[in-house]
Amino acid sequence: MPLPAFAASTSDRALAGVCGGIARELGVDVTLVRLVFALLALAGGAGIVLYLALWLYADGRPVWLAGLGVVIAGSLLLHAIGLSDRAVAGIALVSAGLAVAWRRGGGLRPEAPLSYAGYALVGIGAVILLAAGGDAPAPLLAPGAVAGGLLLIAGPWLWRLAVERDAERAARIRSEERSDVAARVHDSVLQTLALIQRHSDEPRRVASLARRQEREIRGWLYADRPLGDDGSSVVAALSSAAADVEDVFGVRIELASSGDAEADGAIVLAAREAMTNAAKFASVEEIDVYAEVTENEIAVFVRDRGVGFDPAAVPEDRHGIAESIRGRLERAGGSASVVSTPGEGTEVELRIPRSTS
Amino acid sequence: MSRRVVLVDDHGLFLAGVKSELGDAVEVVGEAGTVAAAIPLIKELEPEVVLLDVHLPDGSGEAIIDAVAPERPDVRFLALSVSDAAEDVIAIIRAGARGYVTKTISGEELAAAIERVASGDAVFSPRLAGFVLDAYRSEQAGSELDELTPREREVLQLIARGYLYKEIAARLDISVKTVESHVSSVLRKLQLSTRHELTRWATQHRLV
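For the protein sequence lines, the chains are G and R, in the order given. Per this note's numbering: the first sequence = residues 603 to 959. Per this note's numbering: the second sequence = residues 1299 to 1506.
With the rest of the complex left out, here is chain G:
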């Protein structure tokens, strides 16, 4: 705990310049300070002892010596105003203990040691003070002195604990974030890089690994959703479905979207089936998927510029479109339509009303 700087006055001095120095520090008239010292000197010589103590302090002598002087001066003063010896001794010990505690450990720096000596002095003083219960002013002074002492000692200590706990918590959060990032990078990027090294002679596989990774990292960075989470929203679920299809068939799926909503299983599964069909049968490298969420419905368009087919010529038993796409959506209250022209490509249009809930 820093003590205020204080130097004796060299210009304005009657004895050692202590009064002049105090007057300068406090910005008051030196005569007033001298008057206070003179009055204190009448109180059992307290002013003289205090003067000496401050002189020692200003002179650069050890602080404890000056402190001792201040405590003695205070004791003399209290004695002079009528307190019993025991009460004065108690208060003196409490004050000395507090001074030691503040000086040694009471600072707010987290690394400051606790001063057991100081607390012991305060404790002994408090006991003496309480024992001096018969004296008139003691019952008034004692509880206040003890409470004040405890507050002065425990306050900085509790404060320090709080500061330490905050610092600890901040450090813990940082370290948790770091390990979270490390875990994600490990689970995703590093694994993918390892896979890419092992499959470096298979360009399609490498490309699909890189694309999947890019999607995941992007989703994590920008959409603030956990990696691999495909249940949170329509767009997230479509993105995940697209990534799976990319992986399996080595195609590139360009997903665009406008708006988003709670995930809807039927349309996502239907869209996944449409992407799979395009990847399997259209002989293309790229498929475009667009999801549009409006107030009333979710629409998903899956488009390829592949070989196309004649929808009318598809046999009834072809499971893909009939069941997985149309049947699924119609059961959920939606609709599906397929526009395809041989040689030009196919577009599957999926629509489902949004649940009113």
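Rather than coming from a laboratory, the hints here were simulated on the basis of the structure. Don't take every hint at face value.
Unchecked claim - Here are the simulated SDA-like cross-link-like pairs (lysine to any residue), alpha carbons at most 20 Å apart as the crow flies: (1) K1464/R with E1407/R; (2) K1475/R with S1417/R; (3) K1487/R with G1418/R; (4) K1401/R with G852/G; (5) K1401/R with V808/G; (6) K1401/R with Q815/G; (7) K1401/R with A809/G; (8) K882/G with R806/G; (9) K1317/R with T1402/R; (10) K1401/R with R814/G; (11) K1401/R with R854/G; (12) K1401/R with R807/G; (13) K1341/R with R1301/R; (14) K1401/R with W822/G; (15) K1341/R with R1370/R; (16) K1401/R with P805/G; (17) K1401/R with R806/G; (18) K1464/R with T943/G; (19) K1464/R with V941/G; (20) K1464/R with V909/G; (21) K1401/R with R813/G; (22) K1401/R with E1329/R; (23) K1401/R with E888/G; (24) K1401/R with R817/G; (25) K1401/R with E816/G; (26) K1401/R with E887/G.
Given the structure of chain G, go ahead and fit chain R onto it with the hints provided.
Structure of chain R alone, referenced to chain G:
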């Protein structure tokens, strides 16, 4: 005639890849990896098109457009990025870029996009079209943001669905020129909208 292009990207490997993929289709007259290097370079070379990354080590692509555009109004910018945060993309378009394409684009498509930008048209990738539709949809009634016409909306939807301009033209029974003018008009409306409105849009989307 091949177009004079400056590439601004801080990834050397990517720059080299783009250059080799573009081949003779364009003439790469300069390269820069930072905002600080790009600004004087572009002012000096005055290329027809600047291909620029959204994020650079010392700032954003937007900063380059802000610094160059007032003095060199003929230089056109095309954003090329892996960044897909809608806010970043909309911001660079608003700053004056005439299009946005992702780095996964093929060399052939990129050359076509450069040509389109050089001749004054806009290049909307499906993803950008989705972002723009989203931005307009979020606007409440009474907004100062110029509304899109139904036809502009239709064109954007088809772009988002992956249609090429000529396919859109065929489907809507209009000319490719008309499709282009609709897209340019959307771009203009977007660039004229005030920052305040797009900030509100971004805030609604928890992007900022």
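Hint check results:
Between K1464/R and E1407/R the CA atoms are separated by roughly 14 Å; this keeps the pair inside 20 Å, and the hint holds. A distance of roughly 12 Å separates the Cα atoms of K1475/R and S1417/R; the hinted pair therefore holds under the 20 Å criterion. Our distance criterion of 20 Å between C-alpha atoms is met by K1487/R and G1418/R, whose separation comes to about 16 Å. For the hint linking K1401/R to G852/G, the alpha-carbon distance of about 18 Å falls within 20 Å, and the restraint holds.
A hinted pair counts as satisfied when its Cα atoms are at most 20 Å apart, and K1401/R with V808/G qualifies at roughly 16 Å. Distance restraint check for K1401/R and Q815/G: the Cα-Cα separation of roughly 15 Å lies within the 20 Å cut-off, and the hinted pair is therefore satisfied. This hinted pair checks out: K1401/R and A809/G have alpha carbons roughly 13 Å apart, not beyond 20 Å. Taken as a hint, the K882/G and R806/G pair is honoured in the structure, with Cα atoms around 15 Å apart against an allowance of 20 Å.
A threshold of 20 Å between alpha carbons decides the hint, and for K1317/R with T1402/R the separation of about 14 Å falls inside it, so the pair holds. Restraint check for K1401/R and R814/G: satisfied, since their Cα atoms lie roughly 15 Å apart, inside the 20 Å limit. Taking the CA atoms of K1401/R and R854/G, the gap is near 13 Å; set against the 20 Å cutoff, the hint holds. For a cut-off of 20 Å, the pair hint linking K1401/R to R807/G stands: about 19 Å separates their Cα positions.
With a C-alpha separation of about 17 Å, the suggested pairing of K1341/R with R1301/R holds against the 20 Å cut-off. Taking the CA atoms of K1401/R and W822/G, the gap is about 19 Å. The hint holds against a cut of 20 Å. At most 20 Å may separate the alpha-carbon atoms for a hinted pair to count; K1341/R and R1370/R meet this at roughly 7 Å. Distance check on the hinted pair: K1401/R and P805/G sit about 18 Å apart at the alpha-carbon level, within 20 Å; holds.
Annotation: proposed proximity of K1401/R to R806/G holds, straight-line Cα distance about 17 Å (limit 20 Å). Using a Cα cut-off of 20 Å, the hinted pair K1464/R and T943/G holds, with the two alpha carbons roughly 16 Å apart. The suggested pairing of K1464/R with V941/G holds, with an alpha-carbon distance near 18 Å, which does not exceed 20 Å. A distance of roughly 19 Å separates the Cα atoms of K1464/R and V909/G; the hinted pair therefore holds under the 20 Å criterion.
Simply put, K1401/R and R813/G have alpha-carbon atoms about 11 Å apart, close enough for the 20 Å limit, and the pair holds. Restraint check for K1401/R and E1329/R: the C-alpha separation of about 17 Å stays at or below 20 Å, so the hint holds. A distance of roughly 15 Å separates the Cα atoms of K1401/R and E888/G; the hinted pair therefore holds under the 20 Å criterion. For the hint linking K1401/R to R817/G, the alpha-carbon distance of about 13 Å falls within 20 Å, and the restraint holds.
A distance of roughly 11 Å separates the Cα atoms of K1401/R and E816/G; the hinted pair therefore holds under the 20 Å criterion. As the CA atoms of K1401/R and E887/G are separated by approximately 16 Å, the hinted pair is consistent with the 20 Å bound.
In this structure, every one of the numbered hints holds.
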